[in-house]
Amino acid sequence: MIQVEHLRKTFRVAKRSAGFGNAVKALFHREYDEIHALDDIFFRIEDGEAVGYIGPNGAGKSSTIKILSGILTPDSGTCLVDGRIPWKDRKTHVAKIGVVFGQRSQLWWDVPVIDSFELIRDIYAVPESDYKRNLRDLTDLLDLSELLKTPTRSLSLGQRMRCEIAASLLHDPRILFLDEPTIGLDAVSKLAVREFILDMNRTRGTTVILTTHDMQDIEALAQRVILIGKGRILLDGTLDDIRRGGEQIDETLAALYRQFDI
Amino acid sequence: MKLYFKYFSIHLKSVMQYKVSFLLTVFSQLMLTVTSFLGIHFMFARFHTVEGFTYNEVLFCCGVVLLSFCLAECIARGFDTFASMIGNGEFDRILVRPRNEILQVLGTRIEFTRVGRMLMGIVMFVYAANRGGIPWDVPRVITLLFMILGGTTIFCGLFLLYAGFCFFTLEGLEFMNIFTDGMYQHGRYPLSVYGKRVLQFCTYIIPFSLVQYYPLMYVLGKGGGTYCIFLPLLAMLFLIPCWIFWRVGVRKYTSTGS
Amino acid sequence: MQKIKKYISFFRLRFTMGLQYRAAAAAGVATQFAWGALHILAFHAFYRTDPSAFPMTIEATVNYIWLQQAFLAIFAPWITDNDIFEAIRSGSVSYELCRPVSLYTMWFTRNLSLRFSRVVLRCFPILLVALFLPDGYRLTLPQDLHSFLLFLPSLFLGAFVAASLLVIVYAATFFTLAPQGLRAVVTAASEFLSGFVIPLPFFPDSLRRICEALPFAAIGSTPLRIYSGDLAGQAAYTAFGLQIFWLIALVLCGQLLMRRALRNVTLQGG
Chain A
107 MIQVEHLRKT FRVAKRSAGF GNAVKALFHR EYDEIHALDD IFFRIEDGEA
157 VGYIGPNGAG KSSTIKILSG ILTPDSGTCL VDGRIPWKDR KTHVAKIGVV
207 FGQRSQLWWD VPVIDSFELI RDIYAVPESD YKRNLRDLTD LLDLSELLKT
257 PTRSLSLGQR MRCEIAASLL HDPRILFLDE PTIGLDAVSK LAVREFILDM
307 NRTRGTTVIL TTHDMQDIEA LAQRVILIGK GRILLDGTLD DIRRGGEQID
357 ETLAALYRQF DI
Chain B
95 MKLYFKYFSI HLKSVMQYKV SFLLTVFSQL MLTVTSFLGI HFMFARFHTV
145 EGFTYNEVLF CCGVVLLSFC LAECIARGFD TFASMIGNGE FDRILVRPRN
195 EILQVLGTRI EFTRVGRMLM GIVMFVYAAN RGGIPWDVPR VITLLFMILG
245 GTTIFCGLFL LYAGFCFFTL EGLEFMNIFT DGMYQHGRYP LSVYGKRVLQ
295 FCTYIIPFSL VQYYPLMYVL GKGGGTYCIF LPLLAMLFLI PCWIFWRVGV
345 RKYTSTGS
Chain C
68 MQKIKKYISF FRLRFTMGLQ YRAAAAAGVA TQFAWGALHI LAFHAFYRTD
118 PSAFPMTIEA TVNYIWLQQA FLAIFAPWIT DNDIFEAIRS GSVSYELCRP
168 VSLYTMWFTR NLSLRFSRVV LRCFPILLVA LFLPDGYRLT LPQDLHSFLL
218 FLPSLFLGAF VAASLLVIVY AATFFTLAPQ GLRAVVTAAS EFLSGFVIPL
268 PFFPDSLRRI CEALPFAAIG STPLRIYSGD LAGQAAYTAF GLQIFWLIAL
318 VLCGQLLMRR ALRNVTLQGG
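Residue numbers (the numbering used here), protein chains in the order written: chain A, 107 to 368; chain B, 95 to 352; chain C, 68 to 337.
This is chain A alone, in the form it adopts within the complex (with noise of 0.2 Å):
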């Protein structure tokens, strides 16, 4: 269960002005702006939930996945990650969650794939029967019997995103954050994808907590949206919440955004 409440997180960012005048004199004074990233958020997550975390750019939704899974301290505010502040204890706690940030990489470059997981598995101390079992699972679901002696570096971005996947279930997280984990992958690999998340939310009970700007990814996969703008969260609930008018999920978020003019 993941509990948030009152959180709050600022950032100072240097203000920089174009031109060559500009730049002469940042050289002596520089100004800041102060950034609200987080301004009061609260949720709760129930075990076994598929919730799909949704906001501009710049919304403040990577802020959260940060602090959720530790890397992230907030000024203040509670949450609770079963139990676990996140940041407090973050070996531990990190050894219970899965991340995936679709637009990195965390398999290594020049290697075959296996050779990745086998550190992976490593790193995460899986006892060797686990991982096994793991491994044949998700190849299996997956589809990766053909890629894991393939080198990473060539792979396709669909088959990589399968493998980076896999990577970050090897250790069997009960929590998995999913940060735009479709973004510029094809027809068929995105399907792949989101079978996959679906499957394990709904047989292994997996929560999954997911951020995309693919609305097509949260009608396939998540019981309930949380829009956040601003930093503020702004709605709470079903996607046919959002939706109500029966118009196209797109146009009516695009709506959305400006009626709460974030």
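Honestly, I wouldn't trust all of these hints.
[As the list claims (entries may be wrong)] Chain A stretches covered by chain B per the calculated footprint, using a threshold of three residues with CB under 8 Å from any CB of chain B:
hint, region
1, 167–181
2, 210–222
3, 235–248
4, 308–317
It should be emphasised that the hints constitute simulated quantities derived from the structure, not laboratory data. All values reported here derive from a predicted model rather than from experimental measurement. For every residue, glycine included, the Cβ atom is placed at its ideal position computed from N, Cα and C.
Let chain A serve as the given structure and place chains B and C on it in line with the hints.
Same frame as chain A, but now just chains B and C:
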């Protein structure tokens, strides 16, 4: 430790994918060392001694420093690209894994290309050790091993410090080069060459002279008591403040996220 | 005029970018200052050992080292645009070909602007401090106006030769599988041969004469030796002439190589 060897083997496999490039880089690394050796050679062809040190003695010193630096580079070069690891978010990935961060950063890059330089260091060092007229005995050999060990530790500490700075400033790391590359480039000559002030700085601020100048004097039989044998071990304590600084950096990173 | 203007605006953009790295500049000043000081201390130690074996006056040596540190970025062979290497490696260099500019001139300008933007921020603090150091370590003014007037154009020529050499390395990257290795070899060689490790006069005589004729001497060695009065009169003009010669030769060579390289690229379809 087992995990580190795992990283080691994965890097070896990667390297073997690009043999030509690897060999060329090894060669170029060798070149870099050859030029700095030639610098010393030319200077001594003209002057024969400096501050009472002969050519052979300086070569010996240079070999030891080179060897420790290369060893440290092989192990800790991951820290060198640390600024980009923070920039591209790779450090986030490291933080979501339940292992020690330092070990994982080390594991991101193990630099095999440094064998070229290391070879050069060994050659210089063997040549000088044979011709330098050093009365080799057990305490001297032990001192030598301690010197290399201590030197490697100090350089590793400096690399760690360098990475620690990345948490505070994403630019402006160049000044750390004075201590890493600078210690290695200028450490070719025994530190007393640079005068008393530099020697003091390298004793009390960064304990570089504890692995270079003082034990060197003992090995060369130029004074310096038996206690000099153990000075390099004392110098290894330098790693502690470096580590604390790194911890502070990690804490800062997790509170600002950048 | 229109044609030159786009390169100038390119230069300005890069230059402005370079100015942003304020902390880097401060750090660079500190580094180079310490580096120079250690060099000078070592040379003093050698001087104490045997003043008669010193091939330059100690004042000239000190001047040489301070100027070298102050203008380091102008001559340094390792100042390269990593974007360019990356663009060549990944093949995205074909985008650059879509622009209505000469690739040679653009890369040349880029490298030059990188050098100048770094130097502008760094040279003044170093020079200023070096001018007020105690005797024996102080940067002295040139002996006569004559050598100073020759030093200035020579400095710029040095930067141009360095940039033209670098563009050849960029172009050569098209042909090699291992740009890292190539770059490192060129860096190591030119660093040594242009008198970065020890000034050329400290080389053995026969080798020194060869090195003086090479393009590397035209980069870092000639201007510094002109300033410090080590090269004067006829010798200074000869060295200056060599700089011009090498600049022309390297630019021609680079353009030729670039044309060959680009032909290959278009043949392969990018």
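Legend entry - Violated hints, by number in ascending order, as checked against the structure: Checked against the structure, the hints that fail are numbers 3, 4, while the rest are satisfied.
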